[in-house]
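Work the whole structure out from these sequences, hints included.
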Amino acid sequence: MAAVETTVAPQAGAPGMTMLDIAGLNVSYPVYEEEPVRAVRDLDLSVRSGEIVGLVGESGSGKTTLARAVMGLLTQPGRIDTGSIQFDGKDMRALSENQLRAIRGRDIAMVIPNPRSELDPLIPVGKQIAAVARAHLDIGRAEADAMALDMLKAVHIPDPTRRFRAFPHELSGGMAQRVVMAISLVCSPKFVISDDATSGLDVTVQAQVLDLLRTLVREHDTSMLFITRDVGITAHFCDRVAVIYRGEIVEFAETADFFENPQHPYSVMLLAAFAHNPALRNKWHKPLASTEAEAGRACLYAPRCVHREDECDERHPDLRELGGARHLVRCHFPVERVA
Amino acid sequence: MRILRYIGRRFLFIGPQLFGIILVSFLLVKLIPGDPAVMMLGPFATEQQIAMLNAEMGLEGTIIDQFWIYLQNLVQGDLGTSWQTTKPVFDDLAIRFPATLELVTLSLLLALLIGIPLGVAAAYFKRSIVKKFSDYYGLLAGSLPDFWLGLILIYLFYTIMQVAPAPLGRIDFAVLPPAPVTNFLIIDSLIAGNWQALWSTLGHLVLPVVTLAVINAGPILKMTQATMERMLESDLIRYAEMCGLPKSVVIRKAFRNSLPSVVTIVSVLYGFLIGGAVLVEIVFSWGGAGQYAVQGVLNADINPVLGFVLFSAILSLIIYLLVDLIYFAIDPRIRG
Amino acid sequence: MSAVLTVEGLVKHFPIAGSRSVVQAVNGVSFSVAKGETLSLVGESGSGKTTVGRCVLGLIKSTDGAIGFHGKPIDRRRNIRSSELRGRLQLVFQEPAESLDPQVRIGNTIAEPLRSMGVSRPDQRQRVREVARRVGLRDSTLEQFPAELSAGQQQRVGIARAIVTDPELIVLDEPTSALDPTARAEIIDLLIRLQQELETAYLFISHDLSTVRYLSHRVAVMYLGMIVELGTAKELFSHPRHPYSVGLLSSVLLPNPKLKRESAVDLAGEIPSPIDLPTGCYLAGRCPFADDQCRSEMPPEDTVAEGHTVNCFKHRDALRGHEALDYFDDFQVEAEKLLGAGRR
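Residue numbers (this note's numbering), protein chains in the order written: chain W, 228 to 566; chain A, 56 to 391; chain E, 8 to 351.
Careful: at least some of the hints might be erroneous.
Covered stretches of chain E (chain W as the covering partner; in silico rule of three or more C-beta atoms under 8 Å from a C-beta of chain W) [what the hints assert, rightly or not]:
| hint | segment |
| --- | --- |
| 1 | 13 to 19 |
| 2 | 178 to 189 |
| 3 | 282 to 288 |
Just some of the chain A residues that point at chain W, by a computed CB distance under 7 Å [as the list claims (entries may be wrong)]:
| hint | residue |
| --- | --- |
| 4 | Tyr-294 |
| 5 | Glu-296 |
| 6 | Ile-320 |
Derived from the structure by calculation, the hints contain no laboratory data. In this text, a Cβ means the ideal position worked out from N, Cα and C, and glycines have one as well.
Structural data, given as structure tokens:
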């Protein structure tokens, strides 16, 4: 368990330096004549260079909002209230729209879940890859086309020369997903955000796509934030796993550590969802009432928690380090395990 | 080639479609009250005279008989005669249809030049003055009657400022018109190299074209704006933004994907304006096809009305074919 | 056990508009479902599993083959909508939000199948309340609209609407794939409990193998409109014989980094188009064991154990290629250790 001894502070230039560092981030969506909806709350998250961090959460947990906040592309009327987003030593919040535009697709790339609706239906896929290359690199049309063709080969698309001219509707879901990966990686970005990117694929195709994505990311020493609602993928794909619940990180640990020794009752419940023994599962799982009261000062998870105590209703827990190893958990009464 | 097969199939249907249109319009025109023979011969005609004239015009017997006579003439290129102009309807329309087409085509081109940039800008710059202006413009264009705007323009630019020519037709009386070839005055002037006629024609076109363009830019603007707004919110554009594509590329991408709805609204407006420009034609004494048809309706002169319907129908079919070809060109999904 | 549903040699081809070729969605499928049993159809998208479900309900006309419900045929005339079978067959959809009318109150939605059966108003109301309680919906929920419910609750409504007529067979078309894992677990528990109480037969269509392992008595693996392997869930998951089943099972990522999938069978590429199917075994193009025989002949059905059939010439090689290990079972053992420990 003592495998992790890397320092927390970013060290410029050193391997394992922090590539993305989010601190105290709050994002909310104003609602007319009501309290704004807080989608991301006091969120701290860091991704080191060359590392894949998994971010697991159910729908509505704020994981997509987080990704969009990092890109500087929150949907209206969302806004960042407080907090900082440091990317590769730059303060993302201080950058102008044009500076952000230069970073998006060049240094931070996004892999998205519905390639069929997100690729341009009117333009051949090869040209779409080339367009991103030309937007960010100082190259001519022919060179961009050549790069695009190379990328189609790199993502193992069969018959790449012909597929270069194919339109998105002529590709299967798995193929389209590979094209999206080619677009993301064509500028050799430092950082890739994958937002539920494999959720629409069949398991066999998902396995192929994930293997490929990991190989390419490792080859280019790219860092990655892998957002998903499937905790199963993170076990096999990520170096560290963070769990997000209602906009808060509730647990953050090395992958092996997380799956051997989950500390937050919510993390355990996510894992319990895969258990087939209902008695065992219900030990961790409390069906949620349809209306959940706004938590006020309390722990946000308290209404669903099977271990709720008085303190949970009185004091909001902080994200704290547990047992020396870099295992962070936001819970007053983390799960103690009988060895 | 899928497109050739498609066009071929389209042409196969043109015959039956035209027949249906002629049949329906024939029946509808027959419902217009008034007996043309009575109108033509005046109040003192005898029963016998009326019957003879009706026979001469193919208007005796049952409605089916009459339709049959009309069809037979039609096949020989005879659309009948207008009793008002006393000329064959075909010859009348050969002059008047180009007049209307020239007016409507130029108006829509100008309307596109106004509507599309405004619509795109209003959609992209959500909190700008352009957006406000577009909102008011859309409202105003929707509520202003076109003939009224025409009269205002005549009053301002002809009566007061005297920079526009008199609103009396397509060309100055004093100018010798070019030899008729297509009956599009601009084209004919160019063919004849008659620059004086060209200049006069263009001058006469300015006010009516501006009138129609200003009004019809409204729906084009609204459609462009609405589709662009939807497009800018779409996954497609969201992803383009995530890829950091330049602003101009993003806007162009959104516009290209909005284009089918813009093409649709333009084709609808085109078909509509062939008859719908009639009030403006009257205000400017344009002598266009719409004006001709309305005169026919008011005076129970049915051949001009039927001829107009037939010409409009053929034109509509051509427009729809063009629209489909444009869709083919834009969208690879239709190309298959 | 008498079969509730029997399907014999089912074939379904869809003509393609403006073309002489057809989509060969289902190419000769046979199976049966007994009372109180769950048979799962698994496979990638394009395997034809959903089409089988729609044929079974008589919603689309099959091209060939026979479907029997208690021995009597189901077809376009005698189907889920006909008066004779109304209420005895039911369907639960994938997207709960889309299958519920947003403007109809939950209670009325659940009562809908009863209305066409001529049940009196008071009886309807009582029955709806009974069923709602059974699926874990509160009485107050019956007055709400679908948009006010979570996805998991919406799916409970979908299930309540299906069981309100006390059906003998329910076709469940991916009922859990739109749900988050915790909601999914709740729905699975509910389905299992209902089956035990009501002895309903389930035809469960899914690509979620973890759920299938848990819920099914028997599993049929489909590939390009054919059942390539059929057996009990336990047998098939621990001793998969067909290379496709092996590849499919090893692609599942269970939340335990120690249970690494083996790459004994690496299914290259993707499911081919069902418009022009290859000759011979449909999997030959993707299968590492394929030889000339596989590419020229269609493999016959081979019984490898009691109730376990496989259509493959090479199933012995496939079995040799991987250890007979049920990762799903291993995972459960690990999960018991992990979840069983801890406080309280």
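With a Cβ-Cβ cutoff of 8 Å, does the segment 282 to 288 of chain E contain at least three residues near chain W? violated (count 0)
Would you check whether Glu-296 of chain A satisfies its interface hint, that is, whether its CB is within less than 7 Å of any CB in chain W? holds (6 Å)
Status of the hint placing Ile-320 of chain A at chain W (closest C-beta pair under 7 Å): Where the cut-off is 7 Å and the nearest Cβ of chain W is about 19 Å from Ile-320 of chain A, the hint is violated.
Under 8 Å between beta-carbons, do enough residues of the segment 13 to 19 of chain E, three at least, approach chain W for the coverage claim to hold? Check failed, 0 qualifying residues.
Three-residue Cβ test at 8 Å for the coverage of the segment 178 to 189 of chain E by chain W: holds (count 3)
Are Tyr-294 of chain A and chain W close enough, Cβ to Cβ, to be under 7 Å, as the hint says? This interface hint holds because 4 Å falls under the 7 Å limit.
Violated hints for the displayed structure, listed by number in ascending order: 1, 3, 6.
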